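*Asks:* Now for the letters of each chain:
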Amino acid sequence: MKNCEYQQIDPRALSVLPSSAQNHTEKKAQRPRRKWEVFPGKNRFFCDGRIILARQNGVLPLTLSLIIVTCGLFFAFDCPFLVKHLTVFIPVIGGVLFVFVVLSLLRTSFTDPGILPRATPDEAADVEKQIDTSGSSTYRPPPRTKEILINQQVVKLKYCFTCKTFRPPRTSHCSLCDNCVERFDHHCPWVGNCVGKRNYRFFYSFIISLSFLTSFIFGCVITHITLRTQAGKTIVQAIQESPARYPFLELVVCFFSIWSILGLSGFHTYLVASNLTTNEDIKGSWSSKRGAEDSGNPYTYNSIITNCCATLCGPMPPSLIDRRGFLPHDEAIPAVSASEIELPPFTAKNDAHMEENCQDISLSCTA
Amino acid sequence: MAETHSLQDLQQPAVSSKVFVQRDYSSGTICKFQTKFPSELESRLDKQQFEETIQTLNNLYAEAEKLGGKSYFEGCLACLTAYTIFLCMETHYEKVLKKIARYIKDQNEKIYAPRGLLLTDPIERGLRVVEITIFEDRSIGSGR
Numbered sequence: 001m002k003n004c005e006y007q008q009i010d011p012r013a014l015s016v017l018p019s020s021a022q023n024h025t026e027k028k029a030q031r032p033r034r035k036w037e038v039f040p041g042k043n044r045f046f047c048d049g050r051i052i053l054a055r056q057n058g059v060l061p062l063t064l065s066l067i068i069v070t071c072g073l074f075f076a077f078d079c080p081f082l083v084k085h086l087t088v089f090i091p092v093i094g095g096v097l098f099v100f101v102v103l104s105l106l107r108t109s110f111t112d113p114g115i116l117p118r119a120t121p122d123e124a125a126d127v128e129k130q131i132d133t134s135g136s137s138t139y140r141p142p143p144r145t146k147e148i149l150i151n152q153q154v155v156k157l158k159y160c161f162t163c164k165t166f167r168p169p170r171t172s173h174c175s176l177c178d179n180c181v182e183r184f185d186h187h188c189p190w191v192g193n194c195v196g197k198r199n200y201r202f203f204y205s206f207i208i209s210l211s212f213l214t215s216f217i218f219g220c221v222i223t224h225i226t227l228r229t230q231a232g233k234t235i236v237q238a239i240q241e242s243p244a245r246y247p248f249l250e251l252v253v254c255f256f257s258i259w260s261i262l263g264l265s266g267f268h269t270y271l272v273a274s275n276l277t278t279n280e281d282i283k284g285s286w287s288s289k290r291g292a293e294d295s296g297n298p299y300t301y302n303s304i305i306t307n308c309c310a311t312l313c314g315p316m317p318p319s320l321i322d323r324r325g326f327l328p329h330d331e332a333i334p335a336v337s338a339s340e341i342e343l344p345p346f347t348a349k350n351d352a353h354m355e356e357n358c359q360d361i362s363l364s365c366t367a
Numbered sequence: 001m002a003e004t005h006s007l008q009d010l011q012q013p014a015v016s017s018k019v020f021v022q023r024d025y026s027s028g029t030i031c032k033f034q035t036k037f038p039s040e041l042e043s044r045l046d047k048q049q050f051e052e053t054i055q056t057l058n059n060l061y062a063e064a065e066k067l068g069g070k071s072y073f074e075g076c077l078a079c080l081t082a083y084t085i086f087l088c089m090e091t092h093y094e095k096v097l098k099k100i101a102r103y104i105k106d107q108n109e110k111i112y113a114p115r116g117l118l119l120t121d122p123i124e125r126g127l128r129v130v131e132i133t134i135f136e137d138r139s140i141g142s143g144r
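As you go down the protein sequences, you meet chains U and C in turn.
According to the UniProt record's numbering, the residues represented by the first sequence are 1 to 367, in order.
According to the UniProt record's numbering, the residues represented by the second sequence are 1 to 144, in order.
Treat the hints as calculated values from the structure; they're not laboratory data.
Nothing here was measured: the structure is a model prediction, and the numbers come from that model.
Hints are supplied without guarantee of correctness; some may be wrong.
Said to hold, decoys possible - DSSO-like, lysine-lysine: derived pairs with alpha carbons at most 30 angstroms apart: (1) C:K18 - U:K158; (2) U:K164 - C:K32; (3) U:K129 - C:K70; (4) U:K146 - C:K36; (5) C:K98 - U:K129; (6) C:K99 - U:K129; (7) C:K99 - U:K35; (8) C:K110 - U:K156; (9) C:K110 - U:K164; (10) C:K98 - C:K32; (11) C:K70 - U:K146; (12) C:K70 - C:K18.
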């Protein structure tokens, strides 16, 4: 059939060719550079790309310090008293909960939430070609949407002008991080990151374990103060006593956080059971107000247990942005040769600065 | 043009065009690609071979994302260890991705490269598209 007059391509030699969105800003570097260094979104990377955070941390330091200070006070002032009067398991349970809360929080904050990498220039051109079939003369085209059928239900896919691609279903563009995130739930300032497909389970275990922790500390502090008052003093005297002042502070923190954390846990349990995201719930995407039959959630498995298992225990999808991969070498891409000449001085300074930053951060990470 | 085609020269064959096979969302958000045969490949490839490649890829991705006893066990174990187990263990999804990478390399060597085509692993494009690069046909007399 084919005469094979053209020579066979060696796939191994071509493996460096595929260009990624990051190639646009590719610079000639003395050392091989990793993809996180040219990532176009508003994120910060630490430990040479292993850890990802949103650029605006929000109040993550505040969250961490509230948890650590409250637990510290608990272990310092309540535990000795309660161990003496009740049981030694109190600090053990408190310790386990505390470790679980902190690990879940760090995991939520430092994990890639499911960022979708931006389209390569070729892909973007291909999509443009498919849209402009009629050769419209208007300079600014209307917002682009594409309708598809998911489980016999019409779903509209929107075109993302920043990422230059049609967003997959349930994907939303976070303006704070400037990224499209898959199964976008919300951007949480308390954890300083978006909550999406890959870190939703960590976020859920964080708020559930935090509910248990705050309830536990609240209960212990109430017990502590009650036991002190039973020894013949009034409540005011018990609180004024030197070590008991601090439990009162814990009481205040726990009291205010319990309402919000428990409420949030309840809300997210409802979302998990019905396989919804906060984004969809707020927008009312699947609410039955517009026509009863055809507005059902097309993603639900129609069983609470299956929905829970799928969302929380499902397979862990990989990170799509390949932070630690190396950028392809310049010599394989002839298109950027023109810009190579003026870049080296800028790059050298940039690299050195970045390396310094990275080393500082990696030292503080491993400390 | 009498050029000697050594393998070094051919490390940069001219790219004629690229075809993008988009995702198929009819079954939800699982990773699945459309099996519709692109018209640009008609002169280079059999429709059946293309469909077989895409269908095998779809099956492999379905295996990676399958909800079953094994994935639930992995999820629960990870939860109990406060997700620290992912630091030392490779997830099921990652294992299947490696299988997919091997399959694509195999397909490229056996079917696509002899026809002047190159399949790009979808993971390099964020699982959005299967990119097929069509290289220039440098045959002088193609004899078709």
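*Asks:* The structure should be examined with respect to each hint, and the outcome stated for every one.
*Replies:* To see whether the hints hold, each was checked on the structure:
Between C:K18 and U:K158 the CA atoms are separated by roughly 24 angstroms; this keeps the pair inside 30 angstroms, and the hint holds. Taken as a hint, the U:K164 and C:K32 pair is honoured in the structure, with Cα atoms around 20 angstroms apart against an allowance of 30 angstroms. Between U:K129 and C:K70, the direct Cα distance comes to roughly 43 angstroms. Violation of the 30 angstroms bound is thereby established for this hinted pair. Distance hint between U:K146 and C:K36 is fulfilled; the C-alpha atoms sit about 18 angstroms from each other, no more than 30 angstroms.
A C-alpha spacing of about 33 angstroms is found between C:K98 and U:K129, which places the hinted pair above 30 angstroms, so the restraint is violated. Taken as a hint, the C:K99 and U:K129 pair is broken in the structure, with Cα atoms around 33 angstroms apart against an allowance of 30 angstroms. A distance of roughly 24 angstroms separates the Cα atoms of C:K99 and U:K35; the hinted pair therefore holds under the 30 angstroms criterion. For the given pair, C:K110 sits about 39 angstroms from U:K156 by alpha-carbon distance, which is inconsistent with the 30 angstroms threshold.
Taking the CA atoms of C:K110 and U:K164, the gap is near 33 angstroms; set against the 30 angstroms cutoff, the hint is violated. Note on C:K98 and C:K32: the hinted pairing holds, with a Cα-Cα distance of about 17 angstroms set against a maximum of 30 angstroms. A distance of roughly 36 angstroms separates the Cα atoms of C:K70 and U:K146; the hinted pair therefore is violated under the 30 angstroms criterion. The hinted pair formed by C:K70 and C:K18 fails the criterion: a straight-line CA distance of about 38 angstroms is larger than 30 angstroms.
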